[in-house]
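Spelled out from the first residue to the last, the chains are:
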Amino acid sequence: DAGVIQSPRHEVTEMGQEVTLRCKPISGHDYLFWYRQTMMRGLELLIYFNNNVPIDDSGMPEDRFSAKMPNASFSTLKIQPSEPRDSAVYFCASSLYGAHYEQYFGPGTRLTVT
Amino acid sequence: DAKTTQPNSMESNEEEPVHLPCNHSTISGTDYIHWYRQLPSQGPEYVIHGLTSNVNNRMASLAIAEDRKSSTLILHRATLRDAAVYYCILSPQDFGNEKLTFGTGTRLTIIP
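Read top to bottom, the protein sequences are chains F and E.
Sequential numbering from 1 applies to the first sequence in this note's numbering.
Sequential numbering from 1001 applies to the second sequence in this note's numbering.
Worth double-checking, as some hints may not be accurate.
Said to hold, decoys possible - Below are the EDC-like pairs computed for lysine to aspartate or glutamate, each with C-alpha atoms no more than 16 Å apart in a straight line:
no.	chain 1	residue 1	chain 2	residue 2
1	E	K1099	F	E14
2	F	K78	F	D57
3	E	K1099	F	D57
4	F	K68	F	D57
5	E	K1099	F	D56
6	E	K1003	F	E44
7	E	K1003	E	E1045
8	E	K1069	E	E1016
9	E	K1099	F	E102
10	E	K1099	F	E44
Derived from the structure by calculation, the hints contain no laboratory data.
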């Protein structure tokens, strides 16, 4: 398996623009997690899905952030409108049975909002 | 949620064993102990996890204290590739609560 795939790997955008980050989990994994990592706040869980259904979005910072999982092999994290404070590395991870088992992380998307 | 305490940084010589400590004095009876590591410019990588008994895999060993209030990740023979930030995380065995809360971890430096 190719592992968790994220795209793009790097994104530079201007404040106010819409940004869409994409993730393809490992085939057969029922759980998908979106994390954000910054120097100030470390690695934070934003939202996670089980069988394509959002279970906990309490980590989503505000209404500008939204995440979807239309099918088992694809998820998006959208920021609209983007702000400079959204600059971070965004990771997607998937797991076969949930957080109590091994999570496989993607390489991340480095987002820079100017 | 129960919290973990780890040293901010550690150094070790290449080809020597490394013992990374983690304190979790408020751990509950059903909390799993997870270790992940993050190499520079990469996503976190699973290392090992356990509940009560010591665990071994190809990457490392996890030694869990009898009272479960502390644990130690053991890298048997450190290589330069083991230089990373190591996170010790507790996860409750609650289905429907699938969160892993990452702390600041221990930055491990390997000296050639």
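Outcome of the hint check:
no.: 1; hint: E:K1099 <-> F:E14; in the structure: violated (32 Å)
no.: 2; hint: F:K78 <-> F:D57; in the structure: holds (13 Å)
no.: 3; hint: E:K1099 <-> F:D57; in the structure: holds (11 Å)
no.: 4; hint: F:K68 <-> F:D57; in the structure: holds (11 Å)
no.: 5; hint: E:K1099 <-> F:D56; in the structure: holds (9 Å)
no.: 6; hint: E:K1003 <-> F:E44; in the structure: holds (15 Å)
no.: 7; hint: E:K1003 <-> E:E1045; in the structure: violated (20 Å)
no.: 8; hint: E:K1069 <-> E:E1016; in the structure: violated (26 Å)
no.: 9; hint: E:K1099 <-> F:E102; in the structure: holds (12 Å)
no.: 10; hint: E:K1099 <-> F:E44; in the structure: holds (10 Å)
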